[in-house]
Amino acid sequence: MVSGQNALIHELKQNITALQEELSKKDKQLSSYIVAKAENVELKENITTLNSKIKLLEAEKEILETQNEGYQDMITDLITKQSNDTKDINVGAYNNAVKTVNSFKFGVLFSGVVCIGLFLVLRWRKKQFDFGI
2 MVSGQNALIH ELKQNITALQ EELSKKDKQL SSYIVAKAEN VELKENITTL
52 NSKIKLLEAE KEILETQNEG YQDMITDLIT KQSNDTKDIN VGAYNNAVKT
102 VNSFKFGVLF SGVVCIGLFL VLRWRKKQFD FGI
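Sequential numbering of the sequence shown, starting at 2, is according to the working numbering.
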């Protein structure tokens, strides 16, 4: 009977040792699960932060695209205004040059007419006072 009890005690000690080893393994697994859970929570927070940053960047992108369209319109308007101003300046300069040339032509023509008129008047006056000697 003592040897049976000793065998039972020995078996119980082996069971206790096996259970302690299993408990140690389970504790290690539990600690690794806890660490993984903490990392998972941290990763979820990082994902949330990154998603909010992505939304913020998309909003900034839309704002910048809107501003870019406005700037493109402004640049187009400035180019159009500049080309119209340049065209007006060139048309004005051309018109002034044409007026100058026409004035010069008129002046030459008028001077020619005056010279011919003076020539005729002087010739007539010369004949009037010309005495045939």
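Some hints could be false.
Claimed, not checked - Derived SDA-like pairs: lysine to any residue, alpha-carbon spacing no greater than 20 Å straight-line:
#, residue 1, residue 2
1, 14, 26
2, 26, 10
3, 38, 28
4, 45, 64
5, 54, 65
6, 54, 64
7, 45, 56
Derived from the structure by calculation, the hints contain no laboratory data.
Status of each hint after checking the structure:
Among the hinted pairs, residue 14 with residue 26 is consistent with the structure: their alpha-carbon atoms are about 18 Å apart, no more than 20 Å. A threshold of 20 Å between alpha carbons decides the hint, and for residue 26 with residue 10 the separation of about 24 Å lies outside it, so the pair is violated. The straight-line distance between the Cα atoms of residue 38 and residue 28 is roughly 15 Å, inside the 20 Å bound, and the hint therefore holds. This hinted pair does not check out: residue 45 and residue 64 have alpha carbons roughly 29 Å apart, beyond 20 Å.
The straight-line distance between the Cα atoms of residue 54 and residue 65 is roughly 16 Å, inside the 20 Å bound, and the hint therefore holds. Taking the CA atoms of residue 54 and residue 64, the gap is about 15 Å. The hint holds against a cut of 20 Å. Annotation: proposed proximity of residue 45 to residue 56 holds, straight-line Cα distance about 16 Å (limit 20 Å).
The structure shown violates the earlier hints numbered 2, 4.
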